[in-house]
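Use the sequences and the hints to build the structure in full.
Residue numbers (our numbering): 52 to 965.
Keep in mind that the hints were calculated from the coordinates and are not lab data.
Even glycine gets a Cβ: it sits at the ideal position worked out from N, Cα and C.
Worth double-checking, as some hints may not be accurate.
Said to hold, decoys possible - In silico lysine-lysine, DSBU-like type, Cα no more than 35 Å apart, as pairs:
hint : residue 1 : residue 2
1    : K135      : K172
2    : K332      : K363
3    : K135      : K198
4    : K265      : K98
5    : K271      : K246
6    : K464      : K606
7    : K146      : K907
8    : K271      : K98
9    : K332      : K449
10   : K427      : K378
11   : K907      : K86
12   : K606      : K449
13   : K755      : K606
14   : K378      : K735
15   : K86       : K913
16   : K315      : K86
17   : K154      : K265
18   : K700      : K378
19   : K271      : K913
20   : K157      : K82
21   : K727      : K378
22   : K395      : K733
23   : K614      : K684
24   : K115      : K146
25   : K363      : K755
26   : K249      : K271
Claimed, not checked - FRET-style restraints, in silico, Cβ to Cβ:
hint : residue 1 : residue 2 : range
27   : R343      : E762      : 17 to 25 Å
28   : E324      : K684      : 25 to 33 Å
29   : Q596      : R343      : 44 to 52 Å
30   : D944      : V379      : 57 to 65 Å
31   : T600      : D444      : 24 to 32 Å
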Amino acid sequence: MDHYDSQQTNDYMQPEEDWDRDLLLDPAWEKQQRKTFTAWCNSHLRKAGTQIENIEEDFRDGLKLMLLLEVISGERLAKPERGKMRVHKISNVNKALDFIASKGVKLVSIGAEEIVDGNVKMTLGMIWTIILRFAIQDISVEETSAKEGLLLWCQRKTAPYKNVNIQNFHISWKDGLGFCALIHRHRPELIDYGKLRKDDPLTNLNTAFDVAEKYLDIPKMLDAEDIVGTARPDEKAIMTYVSSFYHAFSGAQKAETAANRICKVLAVNQENEQLMEDYEKLASDLLEWIRRTIPWLENRVPENTMHAMQQKLEDFRDYRRLHKPPKVQEKCQLEINFNTLQTKLRLSNRPAFMPSEGRMVSDINNAWGCLEQAEKGYEEWLLNEIRRLERLDHLAEKFRQKASIHEAWTDGKEIMLRQKDYETATLSEIKALLKKHEAFESDLAAHQDRVEQIAAIAQELNELDYYDSPSVNARCQKICDQWDNLGALTQKRREALERTEKLLETIDQLYLEYAKRAAPFNNWMEGAMEDLQDTFIVHTIEEIQGLTTAHEQFKATLPDADKERLAILGIHNEVSKIVQTYHVNMAGTNPYTTITPQEINGKWDHVRQLVPRRDQALMEEHARQQHNERLRKQFGAQANVIGPWIQTKMEEIGRISIEMHGTLEDQLSHLRQYEKSIVNYKPKIDQLEGDHQLIQEALIFDNKHTNYTMEHIRVGWEQLLTTIARTINEVENQILTRDAKGISQEQMNEFRASFNHFDRDHSGTLGPEEFKACLISLGYDIGNDPQKKTGMMDTDDFRACLISMGYNMGEAEFARIMSIVDPNRLGVVTFQAFIDFMSRETADTDTADQVMASFKILAGDKNYITVDELRRELPPDQAEYCIARMAPYTGPDAVPGALDYMSFSTALYGESDL
Numbered sequence: 052m053d054h055y056d057s058q059q060t061n062d063y064m065q066p067e068e069d070w071d072r073d074l075l076l077d078p079a080w081e082k083q084q085r086k087t088f089t090a091w092c093n094s095h096l097r098k099a100g101t102q103i104e105n106i107e108e109d110f111r112d113g114l115k116l117m118l119l120l121e122v123i124s125g126e127r128l129a130k131p132e133r134g135k136m137r138v139h140k141i142s143n144v145n146k147a148l149d150f151i152a153s154k155g156v157k158l159v160s161i162g163a164e165e166i167v168d169g170n171v172k173m174t175l176g177m178i179w180t181i182i183l184r185f186a187i188q189d190i191s192v193e194e195t196s197a198k199e200g201l202l203l204w205c206q207r208k209t210a211p212y213k214n215v216n217i218q219n220f221h222i223s224w225k226d227g228l229g230f231c232a233l234i235h236r237h238r239p240e241l242i243d244y245g246k247l248r249k250d251d252p253l254t255n256l257n258t259a260f261d262v263a264e265k266y267l268d269i270p271k272m273l274d275a276e277d278i279v280g281t282a283r284p285d286e287k288a289i290m291t292y293v294s295s296f297y298h299a300f301s302g303a304q305k306a307e308t309a310a311n312r313i314c315k316v317l318a319v320n321q322e323n324e325q326l327m328e329d330y331e332k333l334a335s336d337l338l339e340w341i342r343r344t345i346p347w348l349e350n351r352v353p354e355n356t357m358h359a360m361q362q363k364l365e366d367f368r369d370y371r372r373l374h375k376p377p378k379v380q381e382k383c384q385l386e387i388n389f390n391t392l393q394t395k396l397r398l399s400n401r402p403a404f405m406p407s408e409g410r411m412v413s414d415i416n417n418a419w420g421c422l423e424q425a426e427k428g429y430e431e432w433l434l435n436e437i438r439r440l441e442r443l444d445h446l447a448e449k450f451r452q453k454a455s456i457h458e459a460w461t462d463g464k465e466i467m468l469r470q471k472d473y474e475t476a477t478l479s480e481i482k483a484l485l486k487k488h489e490a491f492e493s494d495l496a497a498h499q500d501r502v503e504q505i506a507a508i509a510q511e512l513n514e515l516d517y518y519d520s521p522s523v524n525a526r527c528q529k530i531c532d533q534w535d536n537l538g539a540l541t542q543k544r545r546e547a548l549e550r551t552e553k554l555l556e557t558i559d560q561l562y563l564e565y566a567k568r569a570a571p572f573n574n575w576m577e578g579a580m581e582d583l584q585d586t587f588i589v590h591t592i593e594e595i596q597g598l599t600t601a602h603e604q605f606k607a608t609l610p611d612a613d614k615e616r617l618a619i620l621g622i623h624n625e626v627s628k629i630v631q632t633y634h635v636n637m638a639g640t641n642p643y644t645t646i647t648p649q650e651i652n653g654k655w656d657h658v659r660q661l662v663p664r665r666d667q668a669l670m671e672e673h674a675r676q677q678h679n680e681r682l683r684k685q686f687g688a689q690a691n692v693i694g695p696w697i698q699t700k701m702e703e704i705g706r707i708s709i710e711m712h713g714t715l716e717d718q719l720s721h722l723r724q725y726e727k728s729i730v731n732y733k734p735k736i737d738q739l740e741g742d743h744q745l746i747q748e749a750l751i752f753d754n755k756h757t758n759y760t761m762e763h764i765r766v767g768w769e770q771l772l773t774t775i776a777r778t779i780n781e782v783e784n785q786i787l788t789r790d791a792k793g794i795s796q797e798q799m800n801e802f803r804a805s806f807n808h809f810d811r812d813h814s815g816t817l818g819p820e821e822f823k824a825c826l827i828s829l830g831y832d833i834g835n836d837p838q839k840k841t842g843m844m845d846t847d848d849f850r851a852c853l854i855s856m857g858y859n860m861g862e863a864e865f866a867r868i869m870s871i872v873d874p875n876r877l878g879v880v881t882f883q884a885f886i887d888f889m890s891r892e893t894a895d896t897d898t899a900d901q902v903m904a905s906f907k908i909l910a911g912d913k914n915y916i917t918v919d920e921l922r923r924e925l926p927p928d929q930a931e932y933c934i935a936r937m938a939p940y941t942g943p944d945a946v947p948g949a950l951d952y953m954s955f956s957t958a959l960y961g962e963s964d965l
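Written out as structure tokens, the structure is:
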């Protein structure tokens, strides 16, 4: 305690100087002082486990007097004498009086002998001196102290209450309303003040004394009857009683202040924990979505039909258009939340947040990279599969057409070759059969190319893994087997006819000539019909122009073909003329061929009908290719504008983030205007997406009018949105840091100017050597030993830098600072971390020691705190928060249910584990 002011001591001890040793106290006052002083002494002695019964008897040996002084002062007195002789008692009392005198209190007419002899007046005077010094002297209210301060405090607290007018420490308290007003002002739930009456002082006094003893731990120092039955209550007794109220409520105010501090700290901690939980949940959800999506994108099991593969492509478009964009926003928001949380932790003097394993921002970026890689490969695979199925469908249709034509041609050929009509035929009939067989062999040879084409198509379908290859192979094998059988049967019939030919001599050469010319012409017409009905697939105007040119060349051959047709019909007409002339019984049929003039004319008419249909199909395809070319040009024109625009905006944002035009608020406003202009550009992106969808639906796979693909535009747009959002977040965090740390705009500009000067590549970050140069430019001598140019600032260099700025610290302090500026142990210091360090030394932030001291006040100076004390002093939710996290106290003075608030306080600031 501070030494007692001598002038104040003289003022308040003046009444005691006037005491006459032989003058007796007023009996009523003496009774009141005995009761009040005894209760006051016991309120302190009980802390040491003892008490007094008779105030003038129990202090005579000086032992309890010395113990009382030790309890109320918190100091140790000289070792007492344990003897029972008078000299021992006087020695102990003198030690107590010497201690009182050492506190600046002038004792007048009070000697050890009077106390040892049990002098009531002297004993009460001594106790009053002690009360003045240790209970009243230190009271200070609005620059007044001691008695005046206590009186002013009473007047301030009771001013709002009717019928209460405190002017002194005697008659102002007789009606009891003053005591009740003090209690109600601080603890209104303990007294129903509205029911009190000024004309009932006994009830008022008893109510106040009982409530103070039961709820405020203030012992009952006076009886209501003593105060009411005395014209003027003893001033010293009233002052002593009132001072107990002052100290009780003063402690409550300190507890309230301590509780407010703890509530503030716990509120910050609870908010940070909620942000951490939100980050963990959002990160888990995003990673789970990526985990589910990647296997779908990596699935390369092809479908068997074009419709199924096109459905896969449509599903992929829905994913790109509907499912992925919200996840891009979630990823960006996750990074913003993480940066904001780290900034709040730094500003509240908390350790940096480390997400659980596998949920770091870098882990999410890596997973996102794997997703985009799988996405790119999946789109390429889909397009290749669609091309492959398109090719397969075309080949399969071509195979079916050729196989059907061939099977139609071979139908009945085996039966014909197995006939033995030559056995009963005439010579002319035999010769006719032989010529007919020669014509058949010519026809058979002409069909050899078709069989080879059918086999080649079937082989290609097998190589391209056609899903219906077994049926194709079976049909092809059947055709080949039949072809071999036809060859064998043809050879066998020729041999039979040649054996019979020796017996037959005549033959109708004219029929033979007809058959020989009609067969190839018929084959040519069948080939022409097949070509005219053949389907085609083209992707460019050049390809359709090539088909048109070939078709025009084919049409140019039709006049010569018509001449050949007329010539063949002329031969048949000549045969008919000869038959009619010579009455040959040929029944009007050609024995050497089955091709009739009607069949030739029918096929010729069919060919003439197919030519204009082919013309129409080529014209329609030409128009479709022109439409596709317009789509390519339309997409290319927009993409060639949007692509450079995105790149320009990216460069402009980069310049804004490193330039220092105006305040941080100006930069933030400028960036938000940029963000608004970028968002307003979204309709053009959507329009380009629509054009791209039309191109996809038209199955256009290349575009010579632009180097930009829709994937390039999408990636650039997503990067632009992410960059502007991240840049705005960085400026907002700088504003938070500036406002929280008290950094001026000039200081911030100086730091930013130095940072930008050494950021050579405009990447927004500094390498180790660049950072060291930046510090030197700010006036910090870090040292540049030519033997230690490692490209990074090691611990010795950084310590030298700190010392040059005025910081003097040991190994432990330096390690603490390094853990603040480089929490991830990367060996480098960022711009944000350097600003935080430069400003944190002057910041007014809560510390673990302050929180620990606040808890100690709530615990009544104990080394532990109980559950009841926490629930009494703190709001319910924060009290339960502390109870759930505080470890049991295990010290030697522990009681059941004691909690360790010291380890809890250090854990709040990362100095230990909760």
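Status of each hint after checking the structure:
1. K135 x K172: OK: K135 and K172 at ~24 Å, within 35 Å.
2. K332 x K363: holds (31 Å)
3. K135 x K198: Outside the cut-off at roughly 39 Å; violated.
4. K265 x K98: Given pair K265, K98 holds - Cα atoms ~17 Å apart, limit 35 Å.
5. K271 x K246: holds (22 Å)
6. K464 x K606: Since the Cα atoms of K464 and K606 sit roughly 33 Å apart, the hinted pair holds (cutoff 35 Å).
7. K146 x K907: holds (33 Å)
8. K271 x K98: holds (17 Å)
9. K332 x K449: violated (57 Å)
10. K427 x K378: holds (17 Å)
11. K907 x K86: holds (33 Å)
12. K606 x K449: Judged against 35 Å, a Cα distance of about 23 Å means the pair holds.
13. K755 x K606: Holds, because 34 Å separates the two Cα atoms, which is no more than 35 Å.
14. K378 x K735: holds (22 Å)
15. K86 x K913: holds (30 Å)
16. K315 x K86: violated (44 Å)
17. K154 x K265: Since the Cα atoms of K154 and K265 sit roughly 33 Å apart, the hinted pair holds (cutoff 35 Å).
18. K700 x K378: holds (23 Å)
19. K271 x K913: holds (25 Å)
20. K157 x K82: holds (26 Å)
21. K727 x K378: holds (21 Å)
22. K395 x K733: holds (33 Å)
23. K614 x K684: violated (48 Å)
24. K115 x K146: holds (12 Å)
25. K363 x K755: Given that 35 Å is the threshold and the Cα spacing comes to 27 Å, the pair holds.
26. K249 x K271: holds (21 Å)
27. R343 x E762: 17 to 25 Å: holds (22 Å)
28. E324 x K684: 25 to 33 Å: Hint violated: Cβ distance 58 Å, outside 25 to 33 Å.
29. Q596 x R343: 44 to 52 Å: holds (49 Å)
30. D944 x V379: 57 to 65 Å: Given range 57 to 65 Å: holds, Cβ gap about 59 Å.
31. T600 x D444: 24 to 32 Å: holds (26 Å)
Violated hints, listed in ascending order, are 3, 9, 16, 23 and 28; each of the other numbered hints is respected by the structure.
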